[in-house]
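Asker: Going line by line, the protein sequences match chains H and D.
Anchor point for the first sequence: position 1 equals 1 in the numbering used here, and the numbering is continuous, going up by one each time.
Anchor point for the second sequence: position 22 equals 22 in the numbering used here, and the numbering is continuous, going up by one each time.
No lab work stands behind these hints, which were simulated from the structure alone.
You may find that some hints are simply not true.
Unchecked claim - Some chain D residues flagged as far from chain H (calculated, every beta-carbon gap over 10 Å):
id, residue
1, 19
2, 38
3, 57
Claimed, not checked - Okay, the calculated bits of chain H under chain D, using three or more residues with CB under 8 Å as the criterion:
id, stretch
4, 70-82
5, 102-114
Predicted model only: the values in this text are computed from it and were never measured.
Note that CB positions come from ideal geometry on N, CA and C, so glycine has one too.
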Amino acid sequence: DTGVSQNPRHKITKRGQNVTFRCDPISEHNRLYWYRQTLGQGPEFLTYFQNEAQLEKSRLLSDRFSAERPKGSFSTLEIQRTEQGDSAMYLCASNSQGGMNEQFFGPGTRLTVL
Amino acid sequence: QRVTQPEKLLSVFKGAPVELKCNYSYSGSPELFWYVQYSRQRLQLLLRHISRESIKGFTADLNKGETSFHLKKPFAQEEDSAMYYCALSGYAGNNRKLIWGLGTSLAVNP
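Kindly produce the complete structure, drawing on both the sequences and the hints.
Answerer: Rendered as structure tokens:
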């Protein structure tokens, strides 16, 4: 499968624990996006990278959230001290600078915070 | 910049025409997309306005005068039941990003 992949697909954690998700974009894509989606809502932008540089973070993203893309390939999204309100589907998407502006999405990681 | 999908839920019978509405506000020249999410599947691109294509019988025309990009299909099928999102690619500050509508859930009844 040469599409965007995300791991894990599901994560259940207790409130207060830290969690980390991984996204592997399509290999030739240099842009990578993280979104959050709750039931019945559209994707909510969190942050995006061009190569290894994090170019934008949503103001909605609290200090408990951090994302990295150290080598410009895969990315990780970490949530520290999880809260029940963090329960959502976390989506990753990628595309290429200078290419079509559509984004290609991964299957998502569903986080449940108990 | 904003994308508005006024209908949260649209229910039609199989074989009936369907139109999912999308209106946008953007100061520049927008690039518009329709994405679809079938049950338990990932978000995937359905249409992009610059391609002027028909996918799975769906078409969408960009109307700059009405700032709309409505999605249409003349005869709905049960397999069209899904969540549909309209999205606009445009600049917010220095960065190009996708601005999303809240989605319309289409239910096609037998």
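Asker: Taking 8 Å as the Cβ threshold, is the statement that the stretch 70-82 of chain H is covered by chain D upheld or broken by the three-residue rule?
Answerer: violated (count 0)
Asker: Okay, the stretch 102-114 of chain H and chain D, do three or more residues pass the C-beta test at under 8 Å?
Answerer: holds (count 7)
Asker: Would the least Cβ to Cβ distance between residue 19 of chain D and chain H come out above 10 Å?
Answerer: holds (19 Å)
Asker: May I ask you to check that residue 38 of chain D keeps its beta-carbon over 10 Å from the closest beta-carbon of chain H?
Answerer: holds (12 Å)
Asker: Just want to verify: residue 57 of chain D was marked as not at the interface with chain H; is every Cβ pair farther apart than 10 Å?
Answerer: holds (20 Å)
Figure legend: structure checked against the earlier numbered hints; the only hint not met is number 4.
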